[in-house]
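A.B. asks: Sequence:
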Amino acid sequence: MAGSFEKTSIGWQLRLMQQRVSEWLERLFAPVDRARLPNEILPEWLLRLLFWVIAGAMLGWLSWQLYTFLRPYLSALVPSQQGQVVQPDRTDRPLTVAEWLRRSRTFAQQGDYREASRALYMAALQRLNDTEPIPHEPSRTNGEYLQIIQTLPRSAPYRVLIRTHEQLCFDNAEISADEFDRCQRAYQDIETA
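In numbering that gives the first Met the number 0, the protein residues as written are 0 to 192.
These are computed hints drawn from the structure, not numbers from a lab.
Heads up, the beta-carbon is just placed ideally off N, CA and C, and yes, glycines get one too.
Errors might be hidden in some of the hints.
Pair by pair, the computed Cβ-Cβ distance ranges are [unchecked claim]: (1) 190 to 162: 17 to 25 Å; (2) 72 to 168: 30 to 38 Å; (3) 8 to 56: 52 to 60 Å; (4) 64 to 15: 50 to 58 Å.
Build out the structure end to end from the sequences listed, making use of the hints.
C.D. replies: Structure follows, in structure tokens:
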């Protein structure tokens, strides 16, 4: 009588998998038998060469990273290599009122009323710094100056110059000769006050 039997079962599959996992773990954690391994995988001279090439490449990369990080600081310390002398920036010292007025006249003679009006504005701010208790601060806005000059007895001429400066900077307005004359009169009012 021919019987029927199963060729595989879940229990048998689980035992087979357990056996394979345990054999794999034994091989993984078994001590290495050095006698069965070849004595040299690579020649010693090649291993040393590879070590020094890798060490040199890492040192070169690290040096390059350090150089790119410190380059802005180093270039500030070293004078220019083209024989040019590094001169101090002239913006360290504010221009005097007379220098601003001279610039204003020069620009007006050249027909550049925009820069001439700007120079009058800067002369007025410098005059405030020199004669009034309102020190010039580069971060101060026109709006802040308008608030501060309200305490002055004659603030109208300053207002004219500040408003003109706002038009120059924020509206990109062109300044005509008539508008420049108005700014000049305002500055003369400041001087006579």
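A.B. asks: Indicate, hint by hint, whether the structure satisfies it.
C.D. replies: Hint by hint, here is what the structure shows:
1. The given range of 17 to 25 Å is respected by residue 190 and residue 162, whose C-beta atoms sit roughly 19 Å from each other.
2. With their beta carbons about 34 Å apart, residue 72 and residue 168 fall inside the hinted range of 30 to 38 Å.
3. For residue 8 and residue 56, the hinted distance range of 52 to 60 Å is satisfied, since their beta carbons lie about 58 Å from each other.
4. Checking the proposed 50 to 58 Å range against residue 64 and residue 15 shows it holds: the Cβ atoms sit about 54 Å from each other.
In summary, this structure violates none of the numbered hints.
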